Each structure stands twice: as C-alpha cells, then as structure tokens.
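Engineer: Residues per chain are reported as follows:
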Amino acid sequence: MKKTTLGTAAGLGLATLLAVTGCSAGGSNDEAGGDTTVTFLTHWGPDQVTMLEDAAAAFTKENPDVTVDVQAVPFGNLLSTLRTQGASADGPTITGIYDLWLPELVRDGLADAAPDDVATEVTDNWPSSLVDAASSEGTVYGVPNEVDLYQLNYNTALFAEAGIDGPPATWDELLDDAAKLTKSEGGTTTQQGIGFITGWGSGAVHPFLSLLASNGGTFLNEDGTASALGDDAALETAELYQKLVDDKLTDPSKSTANANTTGPYLDNFAGGKTAMIIMANWWESAIKDAMGDDYKNVATAPIPVGPNGTESSSISYSWMTTVNAKADDDKRDAAWKFLSWLNGPDSGEAGSSAMADILLSMGILPSRNSDIEVNAAALETPFLASYVSALETATPFPTVIGGQAAADALQKQIESLLNGQTDAAGAMKTASDEVDSALERAQK
Amino acid sequence: MTTVKIAGEGAALLPRRAPRPKSRQKGQGRWSALFLSPALIVIGVFTLIPMVMTFVISLHEWSMFTPITEMNWVGLENYETLFDDSNRIQAMGNTAIYVVLSIVITVPLGLLIAMLLYFPKLKGKGLVRVILFSTYVIPTIAIVIIWSNIYAPGYGPLSTMLQAIGVTPPGWLSDPSWALISLVIFNVWQMLGYYVILLVAGLTQIPEDLYEAAKIDGAGLVRQTWSITIPMLNKTLVFVLLMTFINSIQVFDPIYLLTQGGPAGSTNMVSYEIQRSAFSYGLAGESSALAVTLFMSIVVVGAVLGIVMKGRNK
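Note that the protein sequences, when read in sequence, are chains A and B.
For the first sequence, our numbering gives the first residue as 879, with consecutive numbering after it.
For the second sequence, our numbering gives the first residue as 496, with consecutive numbering after it.
Calculated from the structure, these hints are not laboratory results.
Since we're looking at a predicted model, the values are computed, not measured.
It is possible that part of the hints are untrue.
As the list claims (entries may be wrong) - FRET-style restraints, in silico, Cβ to Cβ:
# : chain 1 : residue 1 : chain 2 : residue 2 : range
1 : A       : A967      : B       : V595      : 20 to 30 Å
2 : A       : E1318     : B       : G570      : 51 to 61 Å
3 : A       : G1304     : B       : V595      : 43 to 53 Å
4 : B       : S629      : A       : Y1173     : 38 to 48 Å
5 : A       : T1068     : B       : A709      : 56 to 66 Å
6 : A       : K1058     : B       : I645      : 29 to 39 Å
7 : A       : G1304     : B       : T576      : 23 to 33 Å
8 : A       : F953      : B       : P726      : 50 to 60 Å
Idealized CB from N, CA, C, for every residue including glycine.
The shape of chain B in the complex, shown without the other chains (with noise of 0.2 Å):
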C-alpha cells in the first residue's frame, strides 16, 4: 500500500510526456512485428505446427514408415480404444503414483531444505546451494551410470549399506514392488535443488519486518511459519508444485536408460509408453491419442492450479 502511494506521487511530479504522433506509433508498429516476428515464427514452426501435427497424427493409424500422406483416417477410434491395452492403464497408474510421490516428497523436502538454508546465519551455505543445483545440472545420462552402480544389487553401495548393518536390501531396480519407488528417489535427489533454489529466492522476497512484528508479537518459529513463510511463498510454492507435477509426469529418460518400463512393466509411464507405441510398434496415431492425452491432463491440472490461486488470492 506505502508503495503505491509513494510511486503515485513520484508520478505526480514528473513532467507530464506529450503523447506521441499516431505516424511514429505506427512505425513502431511495424518495427516491433518485424522484430517479434522471427521469435514468433519459430514458436509456430517448432511449437504449434508439431502440437497440431500431433492432434491430427492422432486422428490416423500410421506406422511412420509411409509419408505422412499417407495415413489412413480413423476419427476418434484411437481414443476410443486407449485404455483397451493393459499396458497403457498400468502406465497411467504407474505415472499417477510417481507424480504423486514426487510432489508429496519434493515440496516439503525442498521448503524445509530452503528454510534451513536461508534463516540461519550459517557459513557456507551458498556452496550447499551449488552442490544441491549441480543435481540439476549434470545431465540425466552420467547421473543415470551412477545411480545404476549404486541401484546395484548385493554389490552396490546402497546395498552394502543396508547389509552392513543387518538389513537385507530389496531389490531396487529388479523388483516390482521397488522399482518405482527407487525411481522416485532418483527425481527427488535429481530435482530437489532446483526446487530449493527456487524456494530461496521465494524467501528473499519476504519482508524481514514481518518476523520482527511477530516475534514482539510472541510467534514461535511454527506459527512464524505457518502464518508468515507459508501464506507469502503461495504463488513460488505453486509454481513449485505445478513444475514438480510437470516434470514428473514428463518422466523419460531415468526409465528409458534405467528400467526400460520393467521390470513386469512396474516402471512402465506414460511418456515411455507414448515412445514405444511410436518407435517400436508404429502405432504412431495410438501414441499421438496418449500424448494429446497427456497434455490435456497437464492443461487441467494447471488450470485447476490457477483457478485455485485466483481464489485464494482474492
């Protein structure tokens, strides 16, 4: 509110500017399409095109051997029959779980850990922040050979860990029951930096006077919390979950060079199973059908996100 009103009166003793000729505005105009206009065409070629491209492969069966010309309609009869296959209703399990574990996982762990790296006056805190964002960084693959070796079983160091200390170890990649959970960990470790740097810089934007008001007004460090950090974060601890709930649901590369959706299709999600209707089966329409599905869910769950936020924010 102070801010406003100082901004208001900054305004009011500014020279007023002449407004500008309607020729110079249309320059403008003009300048500014032609400026946009190579941003915005590579959105439409690389973005819209291949996105409408998918809705109409989704109307044909198409194996991708044959010009896409050549595809044979089916109307609607690939979303008639997607949740005919087993595998695919596995995969949305599979991909439902793991979101839901990631995000209930992921958010919590990530305020904490930002909590605990930005109130403390503590030395070193900015290397911690760099050695929980190189997770983020190091790309998938060279992560994906550690964590196989240390997924190994009998002989990993996990494994040896849990032995050492009279614990049998499951299998974590072999068995169905662990797989998925063991995939989960991954993207928790995988993530959890980006999320806490995001979280952090939430932190920042908090006024320092709202603490000092509460502790003369009596708060502790929970109502603090629950009162002051967690109703100021709202609209960085959404935007936390809605990428948390994105990046989940877009899994693919931990299955693909990891698990390859076993074992017994227990890690089977939906991205993989999209990839593997396509390459190898040529069910391009039937893997077109899944993917529209999947971004129309990622579409709603934002959605339902927003309206949320609208609510509360009034």
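Next comes chain A alone, as it looks inside the complex (with noise of 0.2 Å):
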C-alpha cells in the first residue's frame, strides 16, 4: 500500500514536473510552415552575423522554400556547443568549423560529403592546400572560407631609432636586430626585441611551427600519426628560442594571452614595448584598436628563413562550413545549395562572393581564388599583402585525429622553454614524447 501511494505520488510528481517544464513531443518548425529551414551555427561576431543574415535573407529571396536561420556563440563554445548538439539531426544544419575538427567529424560520421557538384565546384576554385584539408581520403566535406597565416609584424618606429633599415630576413639577422632592439633598465627588459605569446595555444604553437617551416621541418610526420620534433630542424627552432631567452632579447613577462585572445602581448605590442611579433592576419582590427595613430609605424614581413629553410613558410590554418550528415535529405540538400550560392562569385558584390564580403568585413582573407583577384585592392594593404602572398608557400596545420592534443603538448614545452624550465633539447624530447602519446591515445 505504501508503495502505491509512493508511486502514485511520484507518478504525479513527474506528470506535474513534465507539464511544468514543457516536456513534449513536437515537430520542426519547417514542417509546420512547410519550407526547410536549416541552421547556421557560427561563432562570428553581431556585425558579421547580421551580414549572414542578409545572405541568407537574399537566398531565401531566390529560394523561396528555403530558409538559413543563423545561430551565434563565442568562439570559446563552438566545439563543446557541436559536441553537445552535433549528433542531433535537430543539431545545427551547417556549421563553421576549424579544419582541426575536421577528421574527428567524418570519423564519427557527423560531417556530409559534398554533392559532386559542390566537390568539383570546391576543387576548382580553392587552393589545393585548403581543398586538401576541407578532404579526408580523397572526398571533399566542407567549403573552406578563411585562411590564417602568420608574419613577422614590426615596429618601424622602433627600427629607425635603432638604426635597423628592414625587416630580418633570416635567424642571423632576426637575433641581431633584436639584441638592438631590446632595452633594459635595472635588469628589468623595458622593451623586448621580439615578443613570443604564451598562455594561448595557437598564439604559442603557430609561430613556432612557421619558423620551424621556414627552417625546413614538420610538426609531425607524413602520416600524421607521430611527431617530427626529434629533427635537427625542430631542435634549431628551439635553439632559437633558447637563445632569445639567454640574451634577455624576449620577455615572457610581456607577452601572456588571455581567453578573449588579447592581453598584456597585444597591450605590449601596442605600447611599443615589443619591436617585434610573429602574428596572423586577423588580428589587424585589433592593433588598429589598440594603436590607434601609431597603427601607421606596423609593418609585416615574411617568417625569417632558418639555417636549413631555403624559403619562408608561414604555418596555415583555414575554416570551412561542413553540412550535418544526421539532418534530413532536404535539409542536406538545401544547406549545400546555400553553401554553394553563398560562397560563389554571384552572391556579394561585383563578383565577390557573400562569404568573402563577411570575412573581409574582419580583416580576414577569404580563400576562394576568384576572391583573392577580385578583391585584390582590398587584400593590397600594407599590413595584408605579406600574408596574401605567404598563401603559394604557407605549410597547412597537419589536420589529423588528436591534433589539438599535440599542438597543446608542443605549446606547453615552449612555454616552459620560454620561461627557462627547460633547454632545446629537453622541451623537443618531452614535446615529441608527448605528441606521440596525444596521437596514439586519439587515434587508437
């Protein structure tokens, strides 16, 4: 009797909780107005989402059946906001993704492959690095968009009063001019011949991998299943570092990230405390912010080539927007259609695609190549146009299973390098010790 009464009870309980919170069954939207809507999950900021929702607002013009309902969120939840709806078919239809994520996608068979058209639309137009990277084993699933380089940004202001005419070209000359460039008072660095950032992943890795290309090596091997730090290559990288430190020619003090990206490296670079700065294109709005008149004294040159590079080569990392392979046909079929029209040359202005519009809107370089010529006035900037041409020799991000857990191991050795932990020798031994267990953890 007891029991009844508990359950009975319960059984209210639960009907009165579900009624409360609105727990039932119900269909999609688009089945009760009749159109498909699919959704656009991004992590861009309001100005660029509204120039998205115009996009979209202008296909649903041409396409009265479909509509594109965009879903904003900080770049910090893009991936736990995938993983955590990314499985649904109610999940996001499209969404922006760094090419990082990629493998991890087709691997669990959330990311669609591209409809023949769209593959062949994308192989033609796209570099074949970045068609390589939206690819996994040969069938192409995503449409890339942006492309991040990194260059040496300068302080010209600060070279003149050090009596230094251009940018280094090589170590030989990145570690001269920076001992001209360093200033210290009491033993305290007042000015950093050259900043490295820490405390932010890709602010730490990225540049250390450009050199590391710029001097002839990889991160990782062909495959992609363990690390290349064991190569005189890498050890030469972290030699550079190592002595960057010894000479007090770069301050970690001076050069920490924090979550929204900026910080003291950005405030350091800024206040002309920082002559110099491996950095990506897209963070030029932000230095513009920052420096306001002194923007003018920034310029930018291509990686300082190492003793066994024989040319400069800037690490590249691209996004792209993959289509939910759990959503349904039409709303597959759409999302690809859209994707199609709103990366293609007839959707923003006089000849330019919409997406690259929105990308350039950030300081950002789109990648398609008919955008590049299109806007080449735009991407000829004296801060743009060394990143434009780094494209033909930029290394692509090895994207692989496990990635990001070796790129944060590699980052954590450079940290400690930076700080005196450690010499070369044991943060390249840790590092590729550390890599090769991310890798074989993730991809067994």
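If you follow the hints, you should be able to join the two separate chains into one complex; please do so.
Structural biologist: Structure (structure tokens):
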C-alpha cells in the first residue's frame, strides 16, 4: 500500500514536472510552415552575423522554399556546442568549423560528404592545400572560407630608432636586430626585441611551427601519426628560442594572452614595448584599435628563414563550413545549395562572394581564388599584402585526429622553454614524446 | 544541561496529545509524498542520473559527436590509464597545492578577521562585513576582468606598486613559478568574505558568560581564543574547512578565464583537465573517469573530516 502511494505520488509529481517544464513531443518548425529551415552555427560577432543574415535573406528571396536561421556562439563555445548538439538530426545543419576538427567529425559520421557538383566546385576554385584540409581520403566534406597565416609584424618607429633598415630575413638577422631593439633598466627589460605569445595555444604553437617550417621542418611525420620534433630542424628552432631567452632578447612576462586572445602581448606590442612579434592576419583590427595613429608604424614581413630552410613558410590553417550528416535529406540538400551560393561569385559585391565580403569586413583573408583576384585591391594593404603573398608557400597545420592534444603538448614545452624551465633539447625530447602519446591515444 | 531540564519540565506541564488515528497518518503520508515528489524527481533527474551517467560514460570510449547509445565499452581501461598522461599528473599535483594553500591561508585568516569583526566594539563593522561579502557575490567573470588588469605585467597596479618601492615584480600570470600562487591569492580574496560571515555567525553562538568566567579566572586573550573560541567554534571551522576544500578542488572559472591552464601547464587543474579532455579532445570516457575520481576524493575527505569530528565530539 505504501509503495502504491509513493508510486502514485511520484507519478503525479513527474507528470506535474513534465507539464510545468513543457516537455512534450513536437514537430520541427519547417514541417509546420511547409518550408525547409536550415540552421547555420557560427562563432562570428554581431556585425558579421547581421551580414550573414542579410545574405541568407537574399538567398531565401531567390529560393523561397529555404529559410536559413543563423545561430552564433562565442568562439570558445563553438566546439562544445557542436559536441553537445551536433550528433542530433535537429542540431545545426551548417557549422563553421576549424579544419583541425574535421577528421573527428568524419570519423564519427557527422560531416556530410559534399555532393559531386559542390565537390567539383571546391576542387576547381580553391588552392589545393585548402581542398586537402577540407577533405578526408579524397572526399570533400566542407567548403573552405577563411584562411589564416602568420607573418613577422614589426614596429618601424622602433626599427628606425635602432638604426635598422628593414625586417630580418634570416634567423641570424633576427638575433642581431632583436639585440639592437632590446632595452633594459636595472635588470628589467623595458623593451623586448621579439615577443612570443604564451597562455594561448595557437598563439604559442603557430609562430614556432612557422619558424620550424621556414627551417625546413615539420610538426608531424607525413601520415600524421607521430611527431617530427626529434629532427634537427625542430631542435634548431628550439635553440633559437633558447638563445633569445638566454640573451634576454625576449621577455615572457610581456607575452601572455587571456581567454579573449588579447592581453599583455597585444598591449606591449601596441604600446611600443615589443619591437617584433609573429602573429596572424586576423589581429589587424585589434592592433588598429589598440594603436590608433601609431598603427602607421606597423609593418609585416615574411617569417625569417632558418639555417636549414630554403624559403619562408608560414603555418596556415583554415575554416570551412560543413553540413550535418544526421540532418534529413531536404535539409542537407538545402544546406549545400546555400553554401554553394554563399561562397560563389554571384552572391557578393562585384564578383566577390558574400562569404568573402563578410570575411573582409573582419580583415580576414578569403580563400576562393576568384575572391582573392576580385578583392586584390582590398588585400594590397601594407599589412595584408605580405600575408597574401605567403599563401603560395604556406605549410598547412596537420589536420589529424589528436592534432589539438598534440599542439597543446608542444605549447607546454614552448612555454617551459621561454620561461627558462628547460633547455632546447629537453623541450623537444619531451614535446616529441608527449605528442606521440597524444596522437596514439586519440588515433587508437 | 540546564536547557534540557527546562525543556523537560516544560514538556511535562503540557497536556499530552492524543495519538493520531492511523487513517489520518496514512493520509498525511500520501500528501507528504505528493508534495515531496517534485523535489525528489528534480534531485533524481538533475543530480543522481547525471552522476550515474558520468560513471557509465567513464566505462566507455566516447567522443560526444555520436549519440550516447553508440559509445564503445572499455570497462575499467579509462581508470587504469588515468595516470599515464603527464598532464593529468601535473593537474592533480597543481590541484593539491592549490587546495592546501587555499585552506592554509583562508581558514586562519578568515578566523582572525571574523574575531576582529566580532569582538571589538567598533563602528562600521557591518559595512566591513558587507564589503568583505561582496567579493563572493560579484560574478567571477566581472572580478576576473579586474584581476587580469591588477596582474598585468609592468603596467598593472600591483607591479607598479612593487616597482615604486624598488622591488622587481614577478610575472604574476606569465611566470610558471608564480601563476598558481597568483590564482591562490585571487581565490582567497574572492572567498574570504563568505567564510568570515560563516565564522562570525559561529562566534555569535558562543555564550558570553564563558568569556566572563574565563576573565575572572585570569585567562588572557590568547588563552580565551585557544580554550574557548576555537573549541566552541569547532563545527563551524570544520564546515569552513570542508567548504574551502570543495570550492578549491572544483576551481574552474579563473583558470578558464585567466590562464587556460598555462603557462607550461602550471595552472592546469583537475577540473580544467576534465573540461579540456571532454570538449577539446573528445575523450569523454577518460574525462568522466577523472570526474569520478575527483568526486570520490571529495567524498573521502568529507568522510575523514566527519569521522574526525565524531571522534572529537565523543
């Protein structure tokens, strides 16, 4: 009797709870309206979301049966949103993703293979390195959009003050210039020759890998299953860092980044306390805002070439849009149709794609060949020109399962090296072991 | 003892209530169950089920990109390999240091401030309590913005003050030797007010006549503190100790917002490692095994404190 009472009461309670919380089965919006609604998950800011919504409205005008609903989350929450919602058929239909995430999405059957016409369009209109990043085992899974590279940014006013004519082209010149540009008072470095970012994965790892690539080395072996940090090229890159640390030409206390990927490293460069830094093209708007009139003193140059390198090479990474393989056929078809239009030459201004217009509004390089041609004038700024030129010789960051954990393992050792906690050989040995371990665990 | 006697006498004077009829008791039980059921269901759905699910996930390999029904069973493998990763060992070490430093600094400091706020007859004590408590009420994100500027190297107020007196400031958040300590300072600053309020509340429960009797017997301030205040505040102190332990071991927001576990992994804590393993690396099984381990360590410490308390009360 007691059990019956409790059961009845609990059942009533549960029913009440469900009624109160409104948990009930229901159909999706598009079924009610008769149209196909696709959702587009992005990490862009409000201005770019408005531009994307305008583009989506223009697409709906041409295709009245398709509605695109834009959802935005902060960059830091994009991957977690995808992990918690992506596996559902009702999750985001289109998602803007970092290329490093693609292998995992493909493995877990979450990324839809592009239809033949879209795959051909991507293969024909994007640089091969970006097609590779958007593909897995020869199948295209996404439409590339943003491409990011690293170049040497330097303060021309500080260079002029130190009597240096131009940016360093080699590591030897980098060391010489850094020595001339470093100032200290009472044992404290008041101006560092070169700054290296810490506390933020990409900010620490990508500049190191760009110097490594410019010294003829790579992060991982060819098939992406093990570290290549045991090679001489990596050791020499670590030794360059160690030399800069030992000679106090770089000051790690001036180089931290916060969760917003801003902070002291930006403040010190903007404030003239850092003469050189290796950074990506997308931070142009941040330094413009931070420096005001002094922005005119900022110049960019290729990554200095190491003793084993033959040419300057920047690490590149890209973003792309993928379609949820779990979504129903209508949604997937509509999503690919929209992406094809959004990234095509008819959606934007004067032959540019609507996607390129959105990216350029943030100072980000578009990647479609025709977008680079059409927007050549906009990209020929003193700041961006060097980045555009670097596209040809860029080294794509390896997009393999476990790549993020491998990069984090390297970041830890770079930061230990910059803080004098280890030497070059020790850092590369530990990094190599930990990268191997991270890859093995992720790829098992 | 006196209180019990009075209560007993009082109870004896009251007219004895007639026992309730059984049918009425049954009816009351039904109603109690009915009214309690929403709360029990909420606890079940939002506390017990997630806890059980976390344990179940810890026995699987799962990237979170696939439906939960498609997880791969691995048994206890995630627990066996828990300490194979150097990052996790470092995270556990960092967490232990953070917890110990937080307890060692917060509890005695909280007690001292609580006594200073409670015993002397000073004006404005209430205002000081409000100010102290406000650090606990303000959202961490807002406080972090302020502290990231306080800790700014070179141009931050803390560095500027040290430079003004001829001391070379450390890289508060950029130096691996200092980053963890800087986070402990932040934690103490943020949580101290909450513990002070708890301890002040505990102090109000100590009868004044004990201090008066002690004074008559010639006990000084130190003797009164050692022989009256601390023993009588025992339960509150243990509660504060336990809360400091739980709050410290679960620290996440300042790590996520200020240091991202760096530099060189020096501020990587277990809670941050749980989040990173699950959401960045897609290792939800290993992450859940770490979460279960963290939960068990909290349970063990809580149980030990409980046993110690029980022993002392006997």
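Engineer: Please test the hint of 43 to 53 Å on the beta carbon pair from G1304 (chain A) and V595 (chain B).
Structural biologist: 29 Å, violated
Engineer: In this structure, is the beta-carbon distance linking K1058 (chain A) and I645 (chain B) contained in 29 to 39 Å?
Structural biologist: 34 Å, holds
Engineer: Assuming the hint says 38 to 48 Å, is it satisfied by the Cβ distance from S629 (chain B) to Y1173 (chain A) or not?
Structural biologist: 40 Å, holds
Engineer: Please test the hint of 56 to 66 Å on the beta carbon pair from T1068 (chain A) and A709 (chain B).
Structural biologist: 59 Å, holds
Engineer: Measuring from beta carbon to beta carbon, are F953 (chain A) and P726 (chain B) in 50 to 60 Å?
Structural biologist: Taking Cβ atoms as reference, F953 (chain A) and P726 (chain B) lie about 53 Å apart, which means the hint holds.
Engineer: Indicate whether the distance between the beta carbons of A967 (chain A) and V595 (chain B) respects the range 20 to 30 Å.
Structural biologist: 48 Å, violated
Engineer: Do the beta carbons of G1304 (chain A) and T576 (chain B) sit within 23 to 33 Å of each other?
Structural biologist: 25 Å, holds
Engineer: Do the Cβ positions of E1318 (chain A) and G570 (chain B) conform to the proposed distance bound of 51 to 61 Å?
Structural biologist: 19 Å, violated
This entry does not satisfy hints 1, 2 and 3, going by the numbered hints stated previously.
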